[in-house]
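Chains A and H, in that order, are what the protein sequence lines are. Sequence positions in the first sequence follow our numbering and run 1 to 464. Sequence positions in the second sequence follow our numbering and run 465 to 548.
Source of the hints: derived by calculation from the structure; they are not laboratory data. Incorrect hints may have been included.
Quick list of the computed label-pair ranges, beta carbon to beta carbon [unchecked claim]:
{"hint": "1", "chain 1": "H", "residue 1": "Gln-529", "chain 2": "A", "residue 2": "Glu-344", "range": "51 to 61 Å"}
{"hint": "2", "chain 1": "H", "residue 1": "Pro-528", "chain 2": "A", "residue 2": "Pro-320", "range": "51 to 61 Å"}
{"hint": "3", "chain 1": "H", "residue 1": "Ile-520", "chain 2": "A", "residue 2": "Glu-271", "range": "54 to 64 Å"}
These numbers come from a predicted model, not from an experiment. For glycine and all other residues, C-beta sits at the position ideal for the given N, C-alpha and C.
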Amino acid sequence: MSSSSYDVLVIGAGMSGLAAAIRLAMYDKKVCLIEKHSISGGLNSYYSRGKRRFDVGLHALTNYIEKGERRKPMSKVMKQLRLPYEDFKLSPQKQSKILFPQHDLSFTNEIEHLTQEVAESFPDQIDGFIQLIEKIKIFDEVNLDNEYVSAKEVVKNYLSDETLREMIFCPLLIYGSAWEHDMDFSQFVIMFKSIFLEGLSRPEGGVRTILSLLETRYKELGGEIRYKAAVDKLLCSNQKIQGIRLKNGEEIIASTVLSSMGLPETLERVEGHEIENMPRAGKMSFTESIFHFSFKPKEIGLEDTLIFYNDRPTYHYACPQGLYDSESAVLCFPNNFQKDDQVEGVIRTTFMAHYDKWKEMDKAEYKKEKEKMAQTSLRLIEKLSKKSISDPVFKDVFTPTTVERYTWHKRGAVYGSPDKSRKGLTPIQGLYVIGTDQGFLGIMGAMLSGISMANLYGLMKESH
Amino acid sequence: MEKTEVRQIVLDIIADIALDEDVTGIDDDKALRDQLDLDSMDFLDIVMELKKQHKIEVPQEDYPQLASMSSCVEYLKPKFEAVQ
Numbered sequence: 001m002s003s004s005s006y007d008v009l010v011i012g013a014g015m016s017g018l019a020a021a022i023r024l025a026m027y028d029k030k031v032c033l034i035e036k037h038s039i040s041g042g043l044n045s046y047y048s049r050g051k052r053r054f055d056v057g058l059h060a061l062t063n064y065i066e067k068g069e070r071r072k073p074m075s076k077v078m079k080q081l082r083l084p085y086e087d088f089k090l091s092p093q094k095q096s097k098i099l100f101p102q103h104d105l106s107f108t109n110e111i112e113h114l115t116q117e118v119a120e121s122f123p124d125q126i127d128g129f130i131q132l133i134e135k136i137k138i139f140d141e142v143n144l145d146n147e148y149v150s151a152k153e154v155v156k157n158y159l160s161d162e163t164l165r166e167m168i169f170c171p172l173l174i175y176g177s178a179w180e181h182d183m184d185f186s187q188f189v190i191m192f193k194s195i196f197l198e199g200l201s202r203p204e205g206g207v208r209t210i211l212s213l214l215e216t217r218y219k220e221l222g223g224e225i226r227y228k229a230a231v232d233k234l235l236c237s238n239q240k241i242q243g244i245r246l247k248n249g250e251e252i253i254a255s256t257v258l259s260s261m262g263l264p265e266t267l268e269r270v271e272g273h274e275i276e277n278m279p280r281a282g283k284m285s286f287t288e289s290i291f292h293f294s295f296k297p298k299e300i301g302l303e304d305t306l307i308f309y310n311d312r313p314t315y316h317y318a319c320p321q322g323l324y325d326s327e328s329a330v331l332c333f334p335n336n337f338q339k340d341d342q343v344e345g346v347i348r349t350t351f352m353a354h355y356d357k358w359k360e361m362d363k364a365e366y367k368k369e370k371e372k373m374a375q376t377s378l379r380l381i382e383k384l385s386k387k388s389i390s391d392p393v394f395k396d397v398f399t400p401t402t403v404e405r406y407t408w409h410k411r412g413a414v415y416g417s418p419d420k421s422r423k424g425l426t427p428i429q430g431l432y433v434i435g436t437d438q439g440f441l442g443i444m445g446a447m448l449s450g451i452s453m454a455n456l457y458g459l460m461k462e463s464h
Numbered sequence: 465m466e467k468t469e470v471r472q473i474v475l476d477i478i479a480d481i482a483l484d485e486d487v488t489g490i491d492d493d494k495a496l497r498d499q500l501d502l503d504s505m506d507f508l509d510i511v512m513e514l515k516k517q518h519k520i521e522v523p524q525e526d527y528p529q530l531a532s533m534s535s536c537v538e539y540l541k542p543k544f545e546a547v548q
């Protein structure tokens, strides 16, 4: 069988894979992007039902900047990929809320707003909060040599009030942590900066806008992309990567492979080398109910962009005991960004979920539980709006098994393995990890991961 | 090759990399990093563009030579002359 050969293969046409492939194609590497699905996006993708268009993943884009702002992750991504600011068509958030039983804190894209909220609700904590912000501002969170440190231990030194700590951690954990209960301090800083210091926005048109920018850029550069190409094995000899074999048996040769499949997902496909200490599959997965209504959320009094809801004194960021945890949730209101580009009212409700429990059900039971969960979500919307609402005109639900089916992330773990490879290294020479398991978080983090790893292992390696 | 030509080449590359930056007022003797939004990733791009567009190789240990516009011109001029 004849086999094709490339300088670099990039596995997965999600945010990190597309960004990495663009960088390599920019500097004339012979690169091929391999995607198992029929469209791009990975964990941040899209689909249509009838005339309705849906986003998967992206609630809001973090790391918001105004045009011309410098030295921020988003400006780095735009420069490295040569994408102009305007093309992202960013519409900033209005205001979001962290809702706990005793307190609520709202935040906007101006950190002063949150600081003021903390000062009002937790007056004895404000000095510590301001010091924490100062520490975060000067911390070099993307230094690849950083040690793994418990963020909760560090933050305790600044905030003695447990409720405030839990409230600050809540959005940061649920938007990125592969660990239960806690996160690595570098990742905490990445998330704190990207959500509280920089802020949230939505590209007009949703995730498609970003994906189409990336795909267009890559194709302009002559980059090759293969859809419906599922990787079966990563071929190694003498601990060096040689190429890949697709499910259809085709072999593709390359001396460098950048994989966004996830660390365990990548290593378990290695053929020709015994991997010791297999990284763990992540435990954090989610369900999401997407509702379209004939009214806009603001008409029932819901004007926030995001609501981080928690009905317990502390925040249980962990795989729940049951199918899902209805006592905490994230609600996303895509209409409530500064520009509302949608005809219908849309509300997305996310719960933490237990992969095994969803996996083990038979079809009929699965369907029934999905419906029950949708009803729970609707009741939560009513509770928050304090109004009874008419039935949605459309609803769709996905579960951890849906995530696994489309993304191949084991157990539907959207933030990947709790074991990260910060430098992208694997036991195999020439095989590197990009994306969520390299450890930069969010959509901007994923793109930065792809860019940094492509620079380091695709472009700089041979130039010296 | 004239110094002004080398300067223009570098300026064009920087303008391509930093799309949103105004490169017309650069002070040649000050560090580029202090005047423009350029980080180590961008310096890598200056090097990559020199190689791609002009076949000029800048080894990693020489990156500090690219700190200011005048040091860029000083360092790159003989390299441009060598590939001509």
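Using the beta carbons of Pro-528 of chain H and Pro-320 of chain A, state whether their distance is inside 51 to 61 Å or not.
-> holds (54 Å)
May I ask you to test the hint 51 to 61 Å on the CB atoms belonging to Gln-529 of chain H and Glu-344 of chain A?
-> holds (58 Å)
Okay, Ile-520 of chain H versus Glu-271 of chain A on CB: inside 54 to 64 Å?
-> Violated - the Cβ-Cβ distance for Ile-520 of chain H and Glu-271 of chain A, about 41 Å, lies outside 54 to 64 Å.
The earlier numbered hint that this structure contradicts is number 3, and it is the only one.
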